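*Asks:* Read off the chains here:
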Amino acid sequence: KAGVTQTPRYLIKTRGQQVTLSCSPISGHRSVSWYQQTPGQGLQFLFEYFSETQRNKGNFPGRFSGRQFSNSRSEMNVSTLELGDSALYLCASSLGQGIGYEQYFGPGTRLTVT
Amino acid sequence: DQQVKQNSPSLSVQEGRISILNCDYTNSMFDYFLWYKKYPAEGPTFLISISSIKDKNEDGRFTVFLNKSAKHLSLHIVPSQPGDSAVYFCAASALSNFGNEKLTFGTGTRLTIIP
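Top line first, the protein sequences correspond to chains V and Y.
The first sequence begins at 734 in my numbering and counts up by one.
The second sequence begins at -13 in my numbering and counts up by one.
Keep in mind that the hints were calculated from the coordinates and are not lab data.
Given the structure is predicted, the values throughout are model-derived calculations rather than measurements.
For every residue, glycine included, the Cβ atom is placed at its ideal position computed from N, Cα and C.
Please note that the accuracy of each hint is not assured.
[To be verified] Simulated DEER-style distance windows between Cβ atoms:
1) Y/Arg96 / V/Ser798: 42 to 48 angstroms
2) V/Leu816 / Y/Gln(-11): 37 to 43 angstroms
3) V/Asn804 / Y/Gln67: 37 to 43 angstroms
4) Y/Gln67 / V/Gly795: 32 to 38 angstroms
5) Y/Ile4 / V/Asn804: 27 to 33 angstroms
6) V/Gln751 / Y/Ser60: 41 to 47 angstroms
7) V/Thr771 / Y/Gly2: 32 to 38 angstroms
8) Y/Ser(-4) / V/Ser798: 31 to 37 angstroms
9) V/Ser803 / Y/Ser37: 33 to 39 angstroms
10) Y/Gln(-11) / V/Thr845: 34 to 40 angstroms
11) V/Leu828 / Y/Leu(-3): 48 to 54 angstroms
Given these sequences and hints, build the entire structure.
*Replies:* Have a look at this one:
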């Protein structure tokens, strides 16, 4: 069974631009969560989608948004990029919602904002 | 406000010895704790978990201990093997304002096993 895939793997953007990251969950998984990983902060939860609905949200500004499609694929968008948005963005999928379902992480998208 | 803290950014342990990774938390509403392992260029993978109603959970070479009164958990790896060299994240779960469980991660500890 294929794992969680994220595209692109690496991305360089300029301040003020916007970016869209994509995540394809494991086949059959309906929940997708997004995390931001930075050296000083570890993994920080961005949001979770389940059945095309945002079910959970972390403490990030409105510049960070996401959506989930009917095939469970998810996209994350960051508008008006700032230097501090440089990070590894990880997506994780699980069969269902809740702690009883193991999360499987993708390899991440490394975003660099210059 | 870092609710889950891993105060040791790095740890080196001799192969065959015990590795002990520590994690402290501040939110008493956390009711489930997990450890993840991350290799470079890969996403974190789930290692072991423990419910707040238990104080110990063991899975092969990995044991997680939970001390609720001290708000402290630890991961013991024994014996340590070179393949255990990775970054380890502890995570804790609690209900968010949205009424759903949300994971809060620590900053990670880089474990290096010395052959």
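*Asks:* Could you work out which of the previously given hints the structure breaks and list their numbers from low to high?
*Replies:* 1, 2, 4, 5, 10 and 11
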